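*Asks:* For the protein sequence lines, the chains are E and C, in the order given.
The first sequence begins at 1 in this note's numbering and counts up by one.
The second sequence begins at 507 in this note's numbering and counts up by one.
These aren't lab readings, by the way, just hints derived from the structure by calculation.
Everything numeric in this text was worked out from a predicted model, so none of it was measured.
Glycine included, C-beta positions come from ideal geometry on N, C-alpha and C.
One or more of the hints may lead you astray.
[Unchecked claim] Derived lysine to aspartate or glutamate pairs resembling EDC-like cross-links, with alpha carbons at most 16 angstroms apart:
#1 E:LYS289 to E:GLU247
#2 E:LYS389 to E:GLU226
#3 C:LYS637 to E:ASP391
#4 C:LYS631 to E:GLU226
#5 E:LYS103 to E:GLU293
#6 C:LYS594 to E:ASP391
#7 E:LYS102 to E:GLU293
#8 E:LYS491 to E:GLU165
#9 C:LYS594 to E:GLU226
#10 C:LYS573 to E:GLU165
#11 C:LYS511 to E:GLU165
#12 E:LYS488 to E:GLU165
#13 C:LYS631 to E:ASP391
#14 E:LYS488 to E:ASP164
#15 E:LYS491 to E:ASP164
#16 E:LYS18 to E:ASP56
#17 E:LYS137 to E:GLU352
[Claimed, not checked] Listed below are several chain E residues computed to face chain C (Cβ distance under 7 angstroms; list not exhaustive):
#18 PHE175
#19 ILE221
#20 ALA225
#21 THR410
So you can see what is in the structure, the chains are spelled out below.
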Amino acid sequence: MQGFSYLIHGFLNLLDPKILLPMTLASISGILIGALPGLTATMSIALLSGLTYDLDPGVAIPMLIALYVGAIYGGSQSAILLNIPGTPSAAATALDGYPLAKKGQAGPAIGLTRVASFYGGLVGIIALTIATPLLAKLALKFGSWEFFVIAIMGIMVCGSLTIDEIPVKGWITGFMGLIFAMVGMDNMTMVERFTFGNLYLQSGISLIPALIGLFGFTEVITVMAEPRQAKLSIDSKKLKVSIPFKEIFQYWKTTIRSALIGIGIGIIPGVGEDIAAWVSYGAAKNTSKNQEEFGRGSKEGIIAAETANNSCIGGASIPLLALAIPGSGAAAVLLGGIWLHGIRPGPLIFKEFPGFVYEYISMQVMANIMLLIFGLLISNITIKVLLVKKDILMPIVATLCVIGSYAVNTSVFDVYMMLFFGILGFILRVNGYPLAPMTLGIILGTMADENLRRALNIGKGSILPFFTRPLCVVLWLIVLVMILSRSKYFKQLMRKLFSKKQTQNI
Amino acid sequence: MSNKKWLTEIIIATCILVFGIYVIAGSIPLLGKTPFNSPGLTPLILGIITTVLTIFLFIVLFNLRKKIEPEKENKDKEERELQGLRQKRMIITIIFILLYVALLGKIPYTILTFLFLCAFMLYFKSASLPKTILISLAITGGIFYVFGTLMRVPLP
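So here's chain E without its partners, still in its complex pose (with noise of 0.2 angstroms):
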């Protein structure tokens, strides 16, 4: 009863035109800045962090989580219209929305992917309202060993499933994250690691400009070495937005689907939108009476992939604040900002924090209903800025990087630190590296190296407790499994497996 009058307290907290008004130029900017290929959900989180670090923490957070909605929504504009998803969770859409745009349909798929996209939202929100106490309250019996393990886990799974080929890149540029988060003052014996004897470093690696150097350098570079600029494939002035209510009742099984997949994968610590908006678009295909529509223009697909990727943001809200994991790439640089206002999400945030939760859920519900009119109000706008040469733009990018990563601590040391993530993320991107289980690393150095000597001197210098503790143990057979999994030979099981089963059901 509790949680749901701060609920009510923060969704009346956000009708003040002092936050509404922010947010509501947060939400528009998501949606222009999501629509902008190269622009990604996760640099311009990133990017405002970094600028609003001066801001209330009731402004600034709301800020964050409209232009996150509106940013993971923006994408399917430019892939519909442009074939070029504006953010990598909207790649899933181009291959049904840009056909059926080439068939004159550009309208009623965009329509579409507002109403899939709040849908999903709305159904993730749920999730977020009723997991994320259960999970706290599971947290607290949680000892150093499990956060510990956690950690791993995080890394070695989000290794693991943002990259196809070739896993163990995944792995290295994670722990590769967790190395950095070694730099500075220890908190525990106050003696400094890889600092080079340099003042700025005791304090460790400054996340915002690390952030926004792996995200936002890293981004005006690679848009920048593309010499040709995008075409639209319709004429502007002929695009009517329309929902078609039909498609959307027709779907029902797939959105119910799409939105739990979105859900399940936003959970699992820095996977993402992107590939909840691809599983959840393969096992629509897979399911679908109309498979060989897929690719040539299905609605379907459209509404799997949307549906997906808006309910993957309540999905990654929910480790995040009950665990201080974040659940998503995008995610983990909200953390980063909603450490910057003081807020410290994980086990005890109920205690430390009451109702920051629900202020949280009221902000999201905030965010969908915004996305839901500014969506449909602003879709010709959206258009014209996809006109927007990147030659104009990208400079303005990087002057924000710049500026927002002095901003945070006033100091030009923080624009050298995005300077080198920006190179260093530049050169793995091109080489095949992702990049965010290393934000992840960065995120969860600290819980790591904290609760992994904190478990030893507990257990005086044992190592057991690790791998004997129950949660442990399923925590490693995780771990286990997704190692395994990306091994050809489990691959090759699992095929003679389903064709065996295959040839038993004939």
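Take the given structure of chain E and dock chain C to it, following the hints.
*Replies:* Positioned in the frame of chain E, the structure of chain C alone reads:
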């Protein structure tokens, strides 16, 4: 995978291996009399894991070498030109940003930002000269107003 790509992969893996070994070497002096409580323990473990994973990556890469496709001699001329253009644009962008950051604090921020935006857009022929100046002025003014005036950030 082409031979060139494979070589790049090997160079990057070698850099990561050196990084892992460096972390191990840097962690050992931090291990005290009770290693399980020392600040060097976690970096040491992470360094070892990174090194082992990189060795595993080397094995994967050497296995992939068998699948290296010979470089197509008659590679599309257009594709080659595009590749060259990509590299040129990437390097120029990095140089522009590096120069911008290197001059931070040496030239007043607003002037530097205006010059950076103008130079960048003019080099890439993004817009006409008056439009470039107008956009650069608007963005610089906007950043100055939001950060310098509204948020009272002492600009570099």
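*Asks:* With reference to the structure, classify each hint as holding or not holding.
*Replies:* Status of each hint after checking the structure:
Among the hinted pairs, LYS289 of chain E with GLU247 of chain E is consistent with the structure: their alpha-carbon atoms are about 14 angstroms apart, no more than 16 angstroms. Annotation: proposed proximity of LYS389 of chain E to GLU226 of chain E holds, straight-line Cα distance about 12 angstroms (limit 16 angstroms). For the suggested pair LYS637 of chain C and ASP391 of chain E, the alpha carbons sit about 13 angstroms apart, so the restraint of at most 16 angstroms is met. Only pairs whose Cα atoms come within 16 angstroms are accepted, and LYS631 of chain C paired with GLU226 of chain E is accepted, the gap being roughly 15 angstroms.
Taken as a hint, the LYS103 of chain E and GLU293 of chain E pair is honoured in the structure, with Cα atoms around 13 angstroms apart against an allowance of 16 angstroms. Between the alpha carbons of LYS594 of chain C and ASP391 of chain E the distance comes to roughly 14 angstroms, so the proposed pair stays at or under 16 angstroms and holds. Note on LYS102 of chain E and GLU293 of chain E: the hinted pairing holds, with a Cα-Cα distance of about 14 angstroms set against a maximum of 16 angstroms. A distance of roughly 13 angstroms separates the Cα atoms of LYS491 of chain E and GLU165 of chain E; the hinted pair therefore holds under the 16 angstroms criterion.
With a CA separation close to 10 angstroms, the supplied pair LYS594 of chain C and GLU226 of chain E stays within the 16 angstroms bound. With a C-alpha separation of about 14 angstroms, the suggested pair LYS573 of chain C and GLU165 of chain E falls inside the 16 angstroms cut-off, and the hint holds. Distance check on the hinted pair: LYS511 of chain C and GLU165 of chain E sit about 15 angstroms apart at the alpha-carbon level, within 16 angstroms; holds. For the hint linking LYS488 of chain E to GLU165 of chain E, the alpha-carbon distance of about 11 angstroms falls within 16 angstroms, and the restraint holds.
The hinted pair formed by LYS631 of chain C and ASP391 of chain E meets the criterion: a straight-line CA distance of about 8 angstroms does not exceed 16 angstroms. Distance check on the hinted pair: LYS488 of chain E and ASP164 of chain E sit about 13 angstroms apart at the alpha-carbon level, within 16 angstroms; holds. As the CA atoms of LYS491 of chain E and ASP164 of chain E are separated by approximately 13 angstroms, the hinted pair is consistent with the 16 angstroms bound. Distance restraint check for LYS18 of chain E and ASP56 of chain E: the Cα-Cα separation of roughly 11 angstroms lies within the 16 angstroms cut-off, and the hinted pair is therefore satisfied.
Proposed proximity of LYS137 of chain E and GLU352 of chain E is supported: the alpha carbons are some 14 angstroms apart, at most 16 angstroms. Annotation: PHE175 of chain E was flagged as interfacial toward chain C, and the flag holds, the nearest CB pair being 5 angstroms apart, inside 7 angstroms. Interface restraint check for ILE221 of chain E: the shortest CB-CB distance to chain C comes to about 6 angstroms, inside 7 angstroms, so the restraint holds. The restraint placing ALA225 of chain E at the interface with chain C holds, with a minimum CB-CB distance near 4 angstroms, inside the 7 angstroms limit.
A cut of 7 angstroms between beta carbons decides the hint on THR410 of chain E: the least distance to chain C is about 6 angstroms, and the hint holds.
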